[in-house]
Amino acid sequence: MNSNSTIMAAEKGTSLWEDAWIKLSKNRLALVGLGLLIFLCVISLLTPWIAPYGYEKQDLLMGATPPSAEHWLGTDVFGRDMLTRIMWGGRVSLMVGFIATAVALAIGVVYGAVAGYVGGRVDAVMMRLVDILYALPFMIFIILLMVVFGRNLLLLFFAIGAVEWLTMARIVRGQVMSLRKQEFVEAAHSLGLSQWIIIRRHIIPNTLGPVIVYTTLTIPSVMLLEAFLSFLGLGIQPPQSSWGLLINYGVETMEEYPWLLIFPGIALSLTLFALNFLGDGLRDALDPRTAKD
Amino acid sequence: MKLTSIASSSTLISAIALCLVSSLLLSGCGSSESNVEAGNRTGTLHWGNGTEPQSLDPHIATGVPEHHIIKALMEGLVHKDSESLGPTPGVAESWTVSDDGTVYTFKIRDDARWSNGDVHNAHDFVWSWWRALQPALGNLYAYMYFPIVNAREYYMGEVTDFDLVGVKALDDLTLQVTLDNPTPYFLQLLDHYSMFPVHQATLEKFGAPDERGTRWTYAGNMVGNGAFKLTSWEINRAIEVERNTFYWGNDDVRLNKIIFYPTENTTTEERMFRAGQLHYTNDVPIDKVATYREANDPALRVTPYLGTYYYRVNIREPHLQDKRVRRALAMTIDREKITENVIKAGQIPAYAMTPPNTRGYYPPISLSFDPEAARQLLAEAGYPNGEGFPVTEILYNTNEGHRKVAVAIQQMWREHLNIEVKLLNQEWKVYLDSESNGDYQISRAGWIGDYVDPNNFLDMFICNGGNNRTGWCNEEYDRLVLDVAPRAKTHEERMAVFTQAEQMLLDDLPVLPIYTYTTKHLVHPSMKNVASNIMDQQSYREIYLEGDQD
Amino acid sequence: MLRFALGRLLQAIPVLLVVITMTFMLVHSAPGGPFSADKAVPEEVLEALEAQYNLDQPLWQQYISYLGDVLQGDMGPSFKYPGRSVNELILSGLGTTAELGMYAMMVAIFIGVIAGVTASMRPNTAQDYVPMTAAMIGICMPSFLLGPLLVLIFGIHLEWLPVSGWNQIPGDKILPAITLGTGYAAYIARLSRGGMLEVLSQDYIRTARAKGLSEFLIISKHALRGGLIPVVAFLGPAFAGLLGGSFVVETIYQIPGLGRFYVQAAFNRDYTMILGTTVFFATLIILFNLLSDMLAVWLNPKLRQQVRGE
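Protein chains in written order, with our numbering: chain A, 1 to 293; chain B, 294 to 843; chain C, 844 to 1153.
If you're looking for bench data, these hints aren't it; they were derived computationally from the structure. Treat the hints with care, as some may be off.
As the list claims (entries may be wrong) - Simulated crosslink set (DSSO-like; lysine-lysine; CA at most 27 Å straight-line): (1) Lys882(C) with Lys715(B); (2) Lys57(A) with Lys715(B); (3) Lys550(B) with Lys821(B); (4) Lys616(B) with Lys715(B); (5) Lys637(B) with Lys697(B); (6) Lys57(A) with Lys697(B); (7) Lys637(B) with Lys57(A); (8) Lys697(B) with Lys882(C); (9) Lys630(B) with Lys550(B); (10) Lys57(A) with Lys630(B); (11) Lys181(A) with Lys1064(C).
With the rest of the complex left out, here is chain A (with noise of 0.2 Å):
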């Protein structure tokens, strides 16, 4: 938001941006993705206040029970309020997901347009160390991690961004070496523009596209990914959860107690199509050609 607004102020008039926005809100679907989100994130940012049950509150003897007026979504087999792990999952999966993948987004950009921009040499070797970062057996890498830096949350952010930045850039890169040859990029050149302004004005505008829906693709891949790193013994502790262990437990009993599958399924699986929706409302708002039309 930071970057919008400073290129806003530099840009005299309708800028991209403001038509952008001005294009975003008339598409009824990407609004009702925003809003998703951020009723989503709302219900996360409140969840301590407003949970029914406490999330580690067990009762053995009731067990796995399907959803009933005490317990909307159901208990699971030690006998927990669903809905309040649900809720206290979303804190984690959202936070990992969107940090983790603003770390991805911001070196894999950064690096591949660098990468694409200057080319020869320098993105060759740019780009064998991509292939070589690809190559590094991940699981060795993570628990080597563990080790040397103990368990937080924080370095979970670090692991899964180090891991998923790695495509990214080799797609903005894609993007990036391919402007560089068009025809108006050229035409700026031979007018004298200043490198700066190509990128700003031309090249960025022109990743967005692809970068923002790799970006909505990230971001369930990335929260799926903390339950694996959960299991390696790097990411959160139970009684903790998020909705990335919580759909793993459930696959184990979703023949007994499809409810611990379903629900926590539900919960991601609206991120995600809110996310989708956002995100291919901006592209299209953002994409130049089509705001020429």
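With the hints as your guide, set chains B and C onto chain A.
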């Protein structure tokens, strides 16, 4: 095709595309006969075996899945009866024990043959046991030999002449074994694969006898002396064994073939069973046991197992040094609730280390679930109502069952003692590292007996024992387990010594016993003569399949 | 083009060297050794074992001798499976995993491209939303969930297909291929929709439309080539990822593939096996990235000039 609507939904074109792809993959969809039906017709047993075996060399292998396969391919001097677990004839058709219980003389049956038809006699055992004690081999079960005179010394390099070790072939068919002490469980050890004989000519053909991992155990190379012989070994796919016609008891063997599947994923295994792909499963997923129980499904077999699930307490931690604290922790684990409501697979609450009725031994019981008394003990130790008690961490390796138990206990300790407990799961090897470095406070542990005797459970906790890992050390305890018990004259006297030792362990509680394990299997109704015993031993010689049962 | 490919292959040598070195260091500093076990391993046994696998030598010496072996094509013996060499194990799983990956890729491309193209033809209508919603479900449906679900439906309840195995029971390859392919199909659908939308708004398509060419011809002859560039860029790493990431599917269906070895090796601290599989996958990644870059160049005339020019 319903398939398409799930994969990509609705658009007609994608439906057509998927049909194309599926038809490419489809190599004549589904023969109507399941594995189990075909197996019942041909005498082929389809067996879920847990994981891919590391090795089929009996002197190198260490795990249960290896055990299942090696037992089909080889046998020792004696067998364990599949019900009583008492010794029955194997390669030895009879044996005598000297009056002082230290000299065993085995009569090898004269029709014993290797699976390639070679004569099999007492010299094979002497050579095999020599081989098993070569340090370079890295035999983790070498200690099974240690009751034998000079076996430990030879293994450690203190004795270099194998002739001094207490094993002799008096003639071709007579094997004499001399022990240091009367060891009442010695015959049991002979049925452990680490004491099985191997075929000298085959081993030498593929490398040095003490070379680890030569190709002698490959299908086509391996020669054994068991009821079956190895015919195929495809890594991570299946291992097939077929009837060994040279086996002395071949006439009584009823199965023609066994296929062992590496079924790592218990959920998949259970589904394979339901789909008729397996006769027998290695395990049952923890959440499925209750379902089978409620349905009263006879396929489910749950049997107590010779193993204890417990928590180690690291008594080097300052606040866990006080035994009143450990007792308070032990007394606030509601074991009944854990077995009945959390894991629900027929486990038996354990209040001592040794499982009850281990060769007639019943451990002393001095623990009970008593939150009131526990709070008092904690107060006496300086933490009234849990105040000032440091945050304590339970370490466990990542596993659904361990997680459940830990989550329940965490809550019990919070509720009854008002103390803060954290959970910490680690990946298996990291967990092992933490535990053996003493880098934990309380950690999940389990012990499965190698043989049925209290000794196997109690000698773990001698000072600095490799499997102790708690920092607990009591010299009197060591004396009882290591010196007094082995010299006991009668069974009763020996058991009394163990009772005394275990009582010392339970007074100090460096370990918090939680439950006695059970083994869980799904067994197809066509499979007959399936044994249930505390060692989870099956005898493939006796199992048969009844075709029309399905 | 040939020079471009050769240059990249030359670059692969230092890349692989760095991968081996870094992995070697990572692996040897990870906690827990290959021989640690539940039951305490006696000191003498541990020493004998370490001596047998040269683990008693200084690390740099182990590294040098490992590098020497690898250069001769020998990845060493597996620590976990005595008697098996890493080469042998990789070879035993490679065919299976490659076959699984190919089928999965076929599933993914068929479903993905067709769904994406269909959606792009009438953006923001039902013809767009329905396949894209399905794609979204495909992405958020992880294979550890989709697999068991498919097995439950087609294996247990309908009894149409086997629940596990590979080449053991007829039809046992179908569910794994679909399970593995679906997630990728979803990505491809989204990427190809985006790419197609971009191309369809270009002038030459409008010209073609104005000429009155049929929609089918426009799509298949003119738009597809440009519209699939993002997909192609994705395919390279995706195929390598498919081979390495088939672990979950291989576990669910008990398939004897490489993915299982790769993951299990890490859990077992089977040093040589970790290194072997990593080097193997690194080579694959480099090759597939190269292939996909070459394909992208071939599909995009502008880039083609650039490559020629440089």
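Status of the hints after comparison with the structure:
| no. | hint | verdict |
| --- | --- | --- |
| 1 | Lys882(C) with Lys715(B) | holds (26 Å) |
| 2 | Lys57(A) with Lys715(B) | holds (15 Å) |
| 3 | Lys550(B) with Lys821(B) | holds (15 Å) |
| 4 | Lys616(B) with Lys715(B) | holds (21 Å) |
| 5 | Lys637(B) with Lys697(B) | holds (11 Å) |
| 6 | Lys57(A) with Lys697(B) | holds (14 Å) |
| 7 | Lys637(B) with Lys57(A) | holds (20 Å) |
| 8 | Lys697(B) with Lys882(C) | holds (23 Å) |
| 9 | Lys630(B) with Lys550(B) | violated (43 Å) |
| 10 | Lys57(A) with Lys630(B) | holds (16 Å) |
| 11 | Lys181(A) with Lys1064(C) | holds (24 Å) |
The structure fails hint 9 only (numbered hints given earlier).
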